[in-house]
Structures are given as C-alpha cells and as structure tokens.
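Asks: Here is what each chain is made of, one letter per residue.
Number of protein chains: 4
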Amino acid sequence: MNLKMLSKQSLYTLVHDSDSTKGRLFALSIQLLIILSLISFSIETLPDLSALQRSYLHYIEIAVVILFSVEYLLRIYVAKNRLAYIFSFYGTIDLLAILPFYIASGLDLRTVRLFRLLRLLQIFKLFKYSKALQRFQRAFNLVKEEMFVFGVIAMIMLYLSAVGIYYFENAVQPELFQSIFHSLWWALTTLTTVGYGDMFPITVGGKIFTFFVLLVGLGIVAVPTGLIATALSQTRTEEDKKVEK
Amino acid sequence: MNLKMLSKQSLYTLVHDSDSTKGRLFALSIQLLIILSLISFSIETLPDLSALQRSYLHYIEIAVVILFSVEYLLRIYVAKNRLAYIFSFYGTIDLLAILPFYIASGLDLRTVRLFRLLRLLQIFKLFKYSKALQRFQRAFNLVKEEMFVFGVIAMIMLYLSAVGIYYFENAVQPELFQSIFHSLWWALTTLTTVGYGDMFPITVGGKIFTFFVLLVGLGIVAVPTGLIATALSQTRTEEDKKVEK
Amino acid sequence: MNLKMLSKQSLYTLVHDSDSTKGRLFALSIQLLIILSLISFSIETLPDLSALQRSYLHYIEIAVVILFSVEYLLRIYVAKNRLAYIFSFYGTIDLLAILPFYIASGLDLRTVRLFRLLRLLQIFKLFKYSKALQRFQRAFNLVKEEMFVFGVIAMIMLYLSAVGIYYFENAVQPELFQSIFHSLWWALTTLTTVGYGDMFPITVGGKIFTFFVLLVGLGIVAVPTGLIATALSQTRTEEDKKVEK
Amino acid sequence: MNLKMLSKQSLYTLVHDSDSTKGRLFALSIQLLIILSLISFSIETLPDLSALQRSYLHYIEIAVVILFSVEYLLRIYVAKNRLAYIFSFYGTIDLLAILPFYIASGLDLRTVRLFRLLRLLQIFKLFKYSKALQRFQRAFNLVKEEMFVFGVIAMIMLYLSAVGIYYFENAVQPELFQSIFHSLWWALTTLTTVGYGDMFPITVGGKIFTFFVLLVGLGIVAVPTGLIATALSQTRTEEDKKVEK
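Those protein sequences? They're chains A, B, C and D, same order as listed. Per my numbering, numbering of the first sequence is gapless, rising by one per residue and ending at 245. Per my numbering, numbering of the second sequence is gapless, rising by one per residue and ending at 245. Per my numbering, numbering of the third sequence is gapless, rising by one per residue and ending at 245. Per my numbering, numbering of the fourth sequence is gapless, rising by one per residue and ending at 245.
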C-alpha cells in the first residue's frame, strides 16, 4: 500500500485529481500553506517586531519554502510533459515562489508569491462550483459590449469632471487642485462616492458643477454593477429552464 | 373565566399561540419589554448621568428582570418538555438574560440580552410575514454559490489591494500604512466606498493603483447586493405564477 | 369673452382642469410662484444681506402673498363645496401659507410653505405622468412586505453595530464613542457608506468588527433599493403585455 | 495608385468610411491625436514645469494644430455640401479647435477642444458597437418617465433635507450651515453617500434628521441606477428573442 502510494500513477492522482479524497486533502493542504505563507509575509511588514518574532517568522519561511519545493518537484515528476509544465504559467509561478530563497538575491522577489493566490481559485473546483464560475463567464460575455461602452464613457466623464473642477477650484485652492491630474484624483473619489475628504470644492461654481457631475456620473459608475447582476440572474434562469426540460 | 385563564392549556395559548388575540398581546408585550430593556441599557452608557437618573434606570432594571423572570417561569410551566426548553437555545438566552441580576456577579453579563433581540424577529410571525421570510430563504439558496464565489474573490481582492497600497504608500506615509494589516483597513473602507478619510494614498503610484482597485473592486463588492435583489424578485414572480394556477 | 372668462364655470376650468390650455398655464404659474417663494425664502437665510437686498426680498414676499391670497380666494370661490375645501388638507396648507403674513405673529410660520411643495407633484399630472406614478404605487405594494422585513432587520443591525463598536472603542476614544447613542451615529454613517470621517474605529478589534458589520450590513441597506428597481421594471413589463393584448 | 489615393472619391472613403481599412486607420489616428492633444493640454496645467518642458509642449501643440488643420481642410474638400459641413456642429468644433492658435487671441479658447472628445464616441462605430448604443437609447426611452419622476422627487428631497438640516445645525455651526444654500451642499454629498466630511450635523436633532433623510433618500438617489440596469437587460433579452425567431 505504502509502495503503491508512491507509484507515479498514484502521485498523479494526489496532485491532480481533486475528486479523490487524497487529492482533495493535497489541494487543501497546498491552499492552507499558501495562506500561511501570505500571513507570515504580511506579519513581516509589521514594524516593531522583536528579534524572537523575526526568528519565528524565518523558521516558518524555511518550512514553507521546503514544502513548496517538494510540491514543485512532485509536480515536475508526475507531469506528463515535464518541460510543458516547467514553462507553463503556473510552473513559472511555482518556481519563482521558491527561487528567491535559494539564490539569496538582494531583491525580495517573494511578492511573486501573490500570484500563487491564483491557486486559491482552485477552491471553487474543490467545492464543485465550476458551474457557478461558468455562469459568471457567460454573464460577463453577455454584457461585454455594454461594459466596454460604459467603460469608455466613464473615462471621458472622469476626464471632463477633472477639467471642470480644475477651472473652478484651481484659483482658490491651488495647493489641492494643482493640475488636471490632481483633479482626476478628486473626480475618481467623488464619482465612486468614496469621498475621503482630502479634496473637495469650496467655490459656489465648483459645488454646482459637482452637483451635475454626480447627477450624470453616479449612473455611469453604478449601472455596470447592476448590469452584471441582472445578467447573472438571467443565465441562472436559462440554466434552470434547460434542467427542467 | 379568570380560573380558566390560569389553566395550563390557556397559558400555553397565551405564550405560544400568536394567532389568538391574547397570544398576540403577550408576544407584543414581551417585545416592547425587550426594546425597553435595551433602551434603558443604552441610556446607562451615557456619561454624565445624575444620581437620580441612575436610580430611575435601576428601578426599570428591577421591573424588567422581574417581568422577564415571570415570563421565564411561565415558559417552563407551560412547556410540554420542560428540560428540552431549559436547555434549548432560547431557553438558555432567557435564563442568561436574568441570571446576572440574581447572582450579582462582578461581570456585567447583561450584554447577553442582546440575544433576546432575536425574539424581535417574532414580529414577522405576528404580522404574518412568514411567507416573505421563506421567500428570502429561497432567494438566498438560489444565489448561495454565487455569494460564496464572490466572497472568496472579494477577500483575495481586499488582500491584494492592501499589499499593493502598502508598497506604494509605506515609504511616504509610514505612520499610516505601517503594515499590510493597517493597509487592509484602507482597502476595506475604500472598496466599500465608506471612505472615512483617515487613510488615503498621496503618491501618484498609489492613486493610480487606487483607480484600478476601484475599477475592479466596486463590482466585486456591489454585485452580490444586486444578485440578492434579482433573486428575491424572481422567487416572488414564481410564487405569483403558482398562485395564478 | 372677457366676461365669460370670469364666469364661475370658466374659473373652475382654470383652477382644476389641467388638460385645458389655460388650466395648464394656471397650474404652471402657481408652481413657478411656489418655487420663486421658496428661492426667496432660501435667500433670506443667507448671512450678510444688505438692507437693499432685504427690502427687495420683502417686496417679493408681499407680491407672493398677494398672489397666493388671490389663488386661495379663487379656489374657495370655484369650490363645489366651499367648507370641504377650506378644511381639506390642501385648503389648510394654502391658508397657512399666507396667514402668518397677515396676522404678523412673532412666530415665523412661513416654513409651512414647504408643504406647498406638494403642489409641485402636480407637475406629473401636467405632463400626463400619472401612469408612471401608478406604476410606482403598484411596485411599492409588490415589495411592501420585503421592505418591512428589511426595515426591521436593518434597525436591529444598526443597533447591534452600535453596541459592538461601543465596546471596542469606548475605552480608547471616550470622547467620540461616548455612549451607544453616539455609536449609533457611527453605525448609520458607516452602513450607508457615507463615511464623514468624524468617527471611526482605531482599535484592531473595532476595525475587524467593522469588517463584519460591512460584510453583512451593506447588503441589508442596499438590497431594498434593488428590490424597488426590479419591482418597477416588473410592473412596466406586465403593463406592456396588457397593452399588447 | 498614389494618384488614385488622392482622388476625391478615395479621400472621401478615407475620411468617412470607417468600414474600410484606411478609413479605420484614419479615424483611429484622429482619435489618438485628440487624446494626445488633451494629454498635452493637461500636462500644461502642471505647476513647476521647466522651460524645456514648456517648449516641448509648444512643439506638440504646433504639430497638433497643423494636423488638425489638414484634417479640417480635408473634411471641407471631400464634403458633398461644403457650407453644410462648415456650419454643422462638428464643423464648428473642428474650426474652433484650431482657430485660437492662428488668431493668437489673448483668450485661451483651447478648452473648446474638449468638445472634440465627442469624436472619441466614434470609437463605438469603429468597434461595431452601434447595436449596444441603440440598445442604450431604447433602454433610456423605456425608463424616461420614471427617471423624470425620480428626478423631480430627488430635487424636492434635496431641498427639504437642506432646509431641515439648516434649522437643526445653523444655531450650533453657523460657520458651516450658513444658509439653506450651504446646507444644499451637505444634502448633496450626504444623499449621494460621498460624505467628504467637510460638513456634518453635530446636534442630536440633526443626527436623527439625517437618519430619516438617509432612510428615504438613499432609495430615491439609488433606484434610477437600478432602473436603467434592468431596462438594459430587458432590451437585450427582447433583442435575443427576435434573433431567435
């Protein structure tokens, strides 16, 4: 049994067949490991870490790299076409996630590991949610054209808002509305209704202009969201009808 | 009549049958009492209360606890299976809501009473809105998978936004964007468009990054809302069709 | 012709028949007059008005009151049942809008004129949009139950958010999160994503709590909007189908 | 071939037939030129530009004007009715975009070039998205009446919110809530949930009033967005049905 587990066929199942029990366990373990490595990566950015804490993080780092390396070698070993895997998108990311540790470069390339987050998307496969994902893709296809049209109009809207507010506010608040580029930041945070409050018009003209910008702009920024939602519910309804038949 | 009212059967109707007139009155009284106790609980958190005001609140507290105790004993008395009630979820909450007062513990366990807010949901039963609630449940079931997918993607989005802004802003605003965890707070308030204004990017790179974060992120955070709305209207339409048939 | 115009029947048409040309003109004039009186009322709140400007505003005020008085007397004159009009809702408002001027009371009752804004809604009748309004009413009826359920849940959500943030932030920011009532203001501005930035959590616990509040709360606050929108489009579709038949 | 390219017929195809290859190239070049001229126009608003950078921008300006002039002359040359083009909307804009440079007026009329952004909308034609645009127009037609009704109600809502908050806050914050007009700015940023944080109520009455304003107002401002989204998905569905038949 132990021997069989180490056979290439068996290892292939382990790595690639997320329907089998051990395949699921393997995939889940890798995902937990990715999350662990990202948490440890995030903790390292905390200021005021003690030397002890830093050493703990270093040990976790070593453990993560060793396990990632084992996984990488395993994936090469079981691959039907090894070169194809090595030069594939995921193969490159898997390598880049561990390489920096070995070559001890001055550059901190661990950021590459963020791409390993893509492996997290495998979670949908584990939970057999591929159908929901397919539905998403179809919904996005349905509204693709509308999204493009809205995208272009939203960009023009952003630009015109920035130019307008620049003319109204530049004279009074030259520090904040320094240029059209600075005003673009205001246009972005206003039209998305984030409204940090770091920049806002104080002239009467600027305030009235903002009124019109919001009147037209809210719709332009918010409609695409509604479009996706209705498209998604539409694809679900159509699917249900097919199932009924 | 008065005697009959005190019979166990009659009391059972009082406590559990919210379709009868006295059952409705009983349920409404309990709900008003819960709201009253929460208002008095909230007032107590006000600073600068006079001694007189505090004593009034104490009297209300005593009255509330006595009435809650009577209700608790009544519920035990009329229960078909008394132990089952005592150890049920609601039974435990009902007890915990009054116990702290009697055992005069140092700990203020009155917060437990917040759970009694759940009894407020009974209001839907009183107004015969159980149908609307069932529709909600069905609608949530319909979009369960989509919500999960969006939930995971939103978490990844939040994390990536935090990492990105950390790299752009940490050097310039080390006090605010101290670590990835601190940046997560920025990502949360920005993607939900709350925008308190306690943290915002000031570098050109950070602002352009925010542009892309909002471009992608707004949809991810806002689409689920639209999904629930369309699912709800769908279940209502289907129900109406059944009624027509 | 001039004489005929002053006949009671003709005046009735003028005041009440917004389908006739002169009726439309009369209604539009009254609406313009209401808007004018509100603008003048708003201008009066401006500080630093010169004596000259104040006197101009006073003249406008006199003109408005005279015209409103003529309108009021006209409405009484043409009413089929005069007492019914005088004691009707609109009749009372029409009187209260002019009375303060005549009795020169110390109290400024001109705020009552805000109710005259209701007459502005007549504009929908002028543009024959009563159908759209009826559709609105039907749509609101469709989602009445859902709105009530969401309303109650939103209130509970608001309250629980306030209690939670009070426990997390009161110790660190006692000035801002003074009591549960003060925290309710934070809960309101956060759940509606207004986010003024006057109050926000600074403790780690408070920030994580805010994350969960927004996770659940955004949906609760935003879903009703989506419900009304889908209900409106549904009623429109149904109407179109009837028209086709 | 070279000669043929210069024939009037051939030039007409170049300028107006965006289905032909060279027509597409011409249209795209003009659009890129417009974007370039706008970027250079935006850069000029940056403070602290060096003399060298200013001279570069001046060279770009000259190049842009020359190319725009060539385009303008070309459009006149190929026009079937030359006067009709010159006095058409686009003809006027095309002229105004270059004229200021030649007549060297004191006034900076280059802002007129913003209108040339309208030419950018031609991009939808290039990508054969006219169908999506037509769908938009039909969707807007569908909800025209609802939008008007909501528009009027939203204006009344804004005004009433401003009046209300003025009464609550003017006494306590006379600097911020100076008049109803100043309060309108607060009403706008609050109802659209932008919430800059430059103005917010601090009295208990003002905060409770804000609660009710948001309760009613959020729906009024947000529903139109949902309306457009559902109307758009409806027109798409209807179109699909026609295609199926």
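Please note that a few of the clues may not be correct.
[To be verified] Here are the in silico distance ranges between beta carbons for each label pair:
#1 L46(B) <-> L67(A): 53 to 59 Å
#2 Q137(A) <-> K241(D): 18 to 24 Å
#3 L57(D) <-> A63(C): 52 to 58 Å
#4 L57(D) <-> Q137(A): 40 to 46 Å
#5 F87(C) <-> M155(D): 26 to 32 Å
#6 L160(D) <-> S20(C): 30 to 36 Å
#7 K131(C) <-> F212(D): 25 to 31 Å
#8 L36(A) <-> I39(B): 43 to 49 Å
#9 L83(A) <-> S55(D): 34 to 40 Å
If you're looking for bench data, these hints aren't it; they were derived computationally from the structure. C-beta atoms are modelled at their ideal positions from N, C-alpha and C, and glycine is treated no differently.
Asks: When you take the CB atoms of Q137(A) and K241(D), is the distance between them in 18 to 24 Å?
Replies: holds (22 Å)
Asks: Does the beta carbon distance between F87(C) and M155(D) stay inside 26 to 32 Å, or does it fall outside?
Replies: Once the Cβ atoms are compared, 31 Å apart, the range 26 to 32 Å for M155(D) and F87(C) holds.
Asks: Tell me if the beta carbons of L57(D) and Q137(A) are separated by a distance inside 40 to 46 Å.
Replies: Roughly 45 Å apart at Cβ, these two residues keep to the hinted range, so it holds.
Asks: How does the Cβ-Cβ distance of K131(C) and F212(D) compare with 25 to 31 Å: does it lie in that range?
Replies: holds (29 Å)
Asks: For the range 43 to 49 Å, tell me whether the beta carbons of L36(A) and I39(B) fit it or not.
Replies: holds (46 Å)
Asks: Given a hint of 53 to 59 Å, does the C-beta separation of L46(B) and L67(A) actually sit inside it?
Replies: holds (55 Å)
Asks: Can the suggested window of 30 to 36 Å be confirmed for the beta-carbon pair L160(D) and S20(C)?
Replies: holds (31 Å)
Asks: Between the beta carbons of L57(D) and A63(C), is the distance compatible with 52 to 58 Å?
Replies: Since the Cβ atoms of L57(D) and A63(C) sit about 56 Å apart, the hinted range of 52 to 58 Å holds.
Asks: Is the hinted range of 34 to 40 Å satisfied by the C-beta distance from L83(A) to S55(D)?
Replies: violated (54 Å)
Against the hints set out earlier in the document, a violation occurs for number 9 only.
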